[in-house]
Amino acid sequence: MHRAIALAITVTTTVASGDPAPRPPTGRDKIVRIQRERNRERGILFCEVRQDRNGSCFGTEAPRIGDRMAVVDEHSRVAELRILGGTPKDGKDGACTVMWEVTYEVGSGSIDSTRSLTGVVGGDVAPTGHRMHDDGSAKIPRSSESQCRDDEQVVIGVDKDGDDQLDLAATFCTAGTSNSSYGSDFYVNIWSIHDTHPVKVQTITPTQLQPCLR
56 MHRAIALAIT VTTTVASGDP APRPPTGRDK IVRIQRERNR ERGILFCEVR
106 QDRNGSCFGT EAPRIGDRMA VVDEHSRVAE LRILGGTPKD GKDGACTVMW
156 EVTYEVGSGS IDSTRSLTGV VGGDVAPTGH RMHDDGSAKI PRSSESQCRD
206 DEQVVIGVDK DGDDQLDLAA TFCTAGTSNS SYGSDFYVNI WSIHDTHPVK
256 VQTITPTQLQ PCLR
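To convert, count from 1 in the sequence shown and add 55; that's my numbering.
I should point out that these hints are in silico values taken from the structure, not numbers from a laboratory.
Computed from a predicted structure; not experimentally measured.
Every residue gets a Cβ at the ideal spot worked out from N, C-alpha and C, and that includes glycine.
So the derived label-pair ranges between C-beta atoms look like this: (1) Arg105 / Gly191: 16 to 26 Å; (2) Ser192 / His249: 20 to 30 Å; (3) Lys194 / Thr260: 16 to 26 Å; (4) Ala230 / Val161: 34 to 44 Å.
Work out the full structure: start from the sequences and follow the hints.
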């Protein structure tokens, strides 16, 4: 369920990028490098990483060069990566803006292809953080303003600090629209949970998601 819904498809495009070369300074220039800080909640990306230093991410904010990705398994944080480049997934008519192909370098730890690993960008995951609720048993209760027909099933869950409480989650649901085509009523929501209170920080709508599934 994690790979099928959260990442939607296996993608194989290899991408690479780098920092643009700066303009040579003149005597009057002062070069100041400014890096905009990623919003730690609204900029969350969930990723699948591969040993070939490529990965696939989803979220409403594009990955940026220099973003740090924490990689967790069901026990702990196993690696920290630095994103070197990212491009939108090659969906229908280039209209996919919520799924991304990234390249990375390993800052610490290692990527082991024999384990199921989840990458998190923008989530401040501590070394004791880990993945949880892989069995699909956890749900976010449906709220009165929800687009979803039923409670939302957690397809990716992460404990950020090792206290065995769900802190970050991606959920999947359908609006229950009759006679809808594949993907036309899928919603993916990303949540930050504070003291067991879930706060929705991103919504990927059917309009955004469907071009990525073609």
